[in-house]
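*Asks:* Chain residues, written in single-letter form:
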Amino acid sequence: MFLALTLAVTLAGIAPASGVTAADRPNDGGSTIQVTWTRSPDEGIIGYRVLRRADGAVEWDTLTMVGRFIARYNDQAAEDGTRYQYAVLAVSDTAAAVSEPSAWAASKPQWYNSERTTALIGSLIFTFLIVFFTFQARSGRKLFIRRIGGLDAVEEALGRATEMGRPILYVPGLSSIADVATIAALNILGEVAKKTAKFGTPLIVPNRDPIVYTVAREVVKEAYTSAGRPDAFNPDMVFYVTDQQFAYAAAVDGIMVREKPATNFLMGMFWAESLILAETGASTGAVQIAGTDAIGQLPFFITACDYTLIGEELYAASAYLSHEPLLLGAIKGQDWSKLLILGLIIIGTILQLTAGVPVIDIF
Amino acid sequence: MKFWDKLLAIDRRWIYVVIWLVVMIPLLVPFGIKPEAMPPVKMMFAYIDTMPEDKALVISVDYTPDTEPELHPMYISLLRHAFATKRKVGVLCVSSVMSLGLAESGLRQVLEEFNSRAETPEDSIVYGRDCVNWGWSTPFITILLGLGERVTNVFPVDYFGNRTDTLPIMAGLKNYDDMGIVVSIAGSSVPLSWVNYAHTQFGVHMGCGITAVSAADFYPYLNSGQFTGMLAGMKGAAEYEQLTAEKMAALGLDWDLQRKGTEAMSSQTAAHIAIMVFILIGNFAFFITRRRKQ
Amino acid sequence: MQRRLPLLLVLVLGIFGAAAFVIPHPAVRGVDEVMRNDVIRIITAFSLVLGVGSIIRHHLIKIRRKAEHWPFSWVTLITLVVSAILGLFGGIDPASPGILFRAGGVGRFLGTFHIQVLYENMMVPLAATMFALLAFFMASAAYRAFRARNFEATLLLIAAFILMLGAVPLGRMLIKPLPEFAEWILTVPNTAAKRGIMFGVGLGTMATSLKIILGIERGWLGGGGK
Numbered sequence: 105m106f107l108a109l110t111l112a113v114t115l116a117g118i119a120p121a122s123g124v125t126a127a128d129r130p131n132d133g134g135s136t137i138q139v140t141w142t143r144s145p146d147e148g149i150i151g152y153r154v155l156r157r158a159d160g161a162v163e164w165d166t167l168t169m170v171g172r173f174i175a176r177y178n179d180q181a182a183e184d185g186t187r188y189q190y191a192v193l194a195v196s197d198t199a200a201a202v203s204e205p206s207a208w209a210a211s212k213p214q215w216y217n218s219e220r221t222t223a224l225i226g227s228l229i230f231t232f233l234i235v236f237f238t239f240q241a242r243s244g245r246k247l248f249i250r251r252i253g254g255l256d257a258v259e260e261a262l263g264r265a266t267e268m269g270r271p272i273l274y275v276p277g278l279s280s281i282a283d284v285a286t287i288a289a290l291n292i293l294g295e296v297a298k299k300t301a302k303f304g305t306p307l308i309v310p311n312r313d314p315i316v317y318t319v320a321r322e323v324v325k326e327a328y329t330s331a332g333r334p335d336a337f338n339p340d341m342v343f344y345v346t347d348q349q350f351a352y353a354a355a356v357d358g359i360m361v362r363e364k365p366a367t368n369f370l371m372g373m374f375w376a377e378s379l380i381l382a383e384t385g386a387s388t389g390a391v392q393i394a395g396t397d398a399i400g401q402l403p404f405f406i407t408a409c410d411y412t413l414i415g416e417e418l419y420a421a422s423a424y425l426s427h428e429p430l431l432l433g434a435i436k437g438q439d440w441s442k443l444l445i446l447g448l449i450i451i452g453t454i455l456q457l458t459a460g461v462p463v464i465d466i467f
Numbered sequence: 082m083k084f085w086d087k088l089l090a091i092d093r094r095w096i097y098v099v100i101w102l103v104v105m106i107p108l109l110v111p112f113g114i115k116p117e118a119m120p121p122v123k124m125m126f127a128y129i130d131t132m133p134e135d136k137a138l139v140i141s142v143d144y145t146p147d148t149e150p151e152l153h154p155m156y157i158s159l160l161r162h163a164f165a166t167k168r169k170v171g172v173l174c175v176s177s178v179m180s181l182g183l184a185e186s187g188l189r190q191v192l193e194e195f196n197s198r199a200e201t202p203e204d205s206i207v208y209g210r211d212c213v214n215w216g217w218s219t220p221f222i223t224i225l226l227g228l229g230e231r232v233t234n235v236f237p238v239d240y241f242g243n244r245t246d247t248l249p250i251m252a253g254l255k256n257y258d259d260m261g262i263v264v265s266i267a268g269s270s271v272p273l274s275w276v277n278y279a280h281t282q283f284g285v286h287m288g289c290g291i292t293a294v295s296a297a298d299f300y301p302y303l304n305s306g307q308f309t310g311m312l313a314g315m316k317g318a319a320e321y322e323q324l325t326a327e328k329m330a331a332l333g334l335d336w337d338l339q340r341k342g343t344e345a346m347s348s349q350t351a352a353h354i355a356i357m358v359f360i361l362i363g364n365f366a367f368f369i370t371r372r373r374k375q
Numbered sequence: 043m044q045r046r047l048p049l050l051l052v053l054v055l056g057i058f059g060a061a062a063f064v065i066p067h068p069a070v071r072g073v074d075e076v077m078r079n080d081v082i083r084i085i086t087a088f089s090l091v092l093g094v095g096s097i098i099r100h101h102l103i104k105i106r107r108k109a110e111h112w113p114f115s116w117v118t119l120i121t122l123v124v125s126a127i128l129g130l131f132g133g134i135d136p137a138s139p140g141i142l143f144r145a146g147g148v149g150r151f152l153g154t155f156h157i158q159v160l161y162e163n164m165m166v167p168l169a170a171t172m173f174a175l176l177a178f179f180m181a182s183a184a185y186r187a188f189r190a191r192n193f194e195a196t197l198l199l200i201a202a203f204i205l206m207l208g209a210v211p212l213g214r215m216l217i218k219p220l221p222e223f224a225e226w227i228l229t230v231p232n233t234a235a236k237r238g239i240m241f242g243v244g245l246g247t248m249a250t251s252l253k254i255i256l257g258i259e260r261g262w263l264g265g266g267g268k
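Protein chains in written order, with the numbering used here: chain A, 105 to 467; chain B, 82 to 375; chain C, 43 to 268.
Since the hints were made in silico from the structure, they are not lab data.
Note that the structure is predicted; figures quoted are calculated from it, not measured.
Idealized CB from N, CA, C, for every residue including glycine.
Take these hints with a grain of salt, some might be off.
Computed beta-carbon distance windows for the label pairs [claimed, not checked]:
1. A/R245 x C/I85: 36 to 42 Å
2. B/S270 x C/R45: 40 to 46 Å
3. C/G59 x A/E219: 34 to 40 Å
4. B/P146 x A/A282: 27 to 33 Å
5. A/S227 x C/A69: 17 to 23 Å
6. C/I85 x A/D165: 38 to 44 Å
7. B/R198 x C/L168: 23 to 29 Å
8. C/T229 x A/S227: 30 to 36 Å
Please put together the full structure from these sequences, using the hints given.
*Replies:* Structural data, given as structure tokens:
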């Protein structure tokens, strides 16, 4: 169709786009060429067609059509190492005009994404701080950790359950294992299971994700073994329910109403079902300890539960419960990183506001 | 004194009964509450009301039956506003096929409202001349970009199987240039894609109708002018209904049509007030019992 | 070995995953994507079998022991089997029937009972019912929780009140600029607090990942490893 367009032609008097450039997109895994152009000065343009031809080909292929305000396109269908040439066809209601072709360009993959240098440096500093304080903790230095009400209550809640002869319900969130909140919830589950093993309290762990279910079962089993009570572990403690959000909520609500657990743990990632779980739990008179990093669900837990671990407290919880010095060291590293970020924000704000230094551009 | 203690530890089922009643009763017997339009709704209304007569209102029905109660009243009101002010209307679906039924039933309802009251042929709204339902097509991005070139290329046939290039309305509705505004009504983030492809690339004015819970995500785009107006949740629907009803009354079309958004607002208002009263009672009882203990 | 192998795997794959963040080259990114997409899918498929086994065993035990409300376990098991058969062999809807609904299949006894019918007429209303419970639970939770016990609770109470009033036409009738003030609360103090929590969450996420990669945190292995 565009056979005749290898030359710049102007039909019915509309001006074509000009200055078409093509170059490999930096910092990527290859296969992408960035095409840019200067838009046609004419009013009546509807949009632009981007044309491409490979080295040796005569015909131009149409890649796409973009709107009239657009002056760039990423061709993601380029083959690494093949040279391509691009042209842009300005289209109006009745006419079309093609630009001069661009210079030849080829795409290639890069070994380092320089746009992520800031993130890399930040991560390295963070890793250094965590490792540094972990070594300090290993060398026997005492580390201070502030009291977290919700976690102090765990021991007491377990005692209460044992006294009343009622079970403990542990919900490890509704997300998959890829969610760090789920992993944090499983870490806490390990600590809670060690304690239920010690006290001989029944434990109920319903699951929504099949992978989380298999991991949770291993966690509980190992915890019972390390507490010296492998005989007390019953594989039916940890079970899979369904992956349907509200069906899961209905099932857990049913367990709360039927089994009347003395304590409900709601840890990990939650969505709209958070209040449905927490409020049903509250109505059965259970002590409820919740923890999530889902900011939208925090208000529901705070209103309906006795204790709520907010955001990072969820991550700190397993260290707190296990009193493992190495884990406390990591928390200290985390706090120093936070201090560092706070300091940078304050200094950056002052510099930007008073001296007009464009701090944001550095990142 | 025992009364206050009892009140503090009231069986929550009483609360459930009250909430059920304050939601149900106003749904059955709405009380007259007059919504006052907020700026995002007013902006949308004013734009459609004053856009050139040859420009069309295009509505992208991108919601599905699960968000129908909140979003369908917006669609109905927009259609009424356009037909009352003699604007051409194009309707399409770009996200889910499930939206098709809603798009069709809404259009049929409003056509019926106008045509059953029409006295002259000029008063009636004729399908194919004054409005068109292009139906559904995919893939999404191709449609959004293709509409910038020629509507009839993207939708060769309409919802009923008519060839679009034979419909009289299409002569003056070639591409985005002929659309005064495109309003995307959705329970998802589809309106943002409309901004990315239709507004940013072709400069067409965009409006959106969205659920109340997702409104916070859309405000930045409203503030930046990428959306010309925004209807958020039941409240936004009720406000648009109010503006449309006022406009229709001014044009002599005082028909007293059903306004589902406004009716549901009674229920929503009653529920909000009930919860606030509960909180007040709870605090009152709390203070009295605390004082007594001291 | 049983301990060392998972720890070693986590160390190697963890560092690899982090490296893929700064190395876009297909040699690294490609392997990373296979791990993230394909391997996870395969593991999920296997664990789903374990999951279904778990739910069947859980309910069979209940039935055998005649635990409280045991007849409901039959309901669960029967619906599990019926929906699985319909889903696997029944096709999606009358337009694309599966083996069950083809000529001579048992479909003629089932009429239009396809998985889509099951979904639209059972799953959707049941899920909507659970969701609708929120209206009731919000009211009862608000009644118990929003009490002016101390300074923070009072602040929470006042903010909640302003937001609720601002969302209904009554708010504008009582105090003219109330809806704007409610919006300010949402966009300024609320966003500030959210960002604060998000910083903590971000660092916590990184720290937890790092602890697991370096083998400091072994809670996920059952708290052992000492």
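*Asks:* Hint by hint, note whether the structure agrees.
*Replies:* Hint check results:
no. : hint                        : result
1   : A/R245 x C/I85: 36 to 42 Å  : holds, 40 Å
2   : B/S270 x C/R45: 40 to 46 Å  : holds, 45 Å
3   : C/G59 x A/E219: 34 to 40 Å  : violated, 19 Å
4   : B/P146 x A/A282: 27 to 33 Å : holds, 31 Å
5   : A/S227 x C/A69: 17 to 23 Å  : holds, 21 Å
6   : C/I85 x A/D165: 38 to 44 Å  : holds, 41 Å
7   : B/R198 x C/L168: 23 to 29 Å : violated, 42 Å
8   : C/T229 x A/S227: 30 to 36 Å : holds, 31 Å
Consistency note: the structure conflicts with the earlier hints numbered 3, 7.
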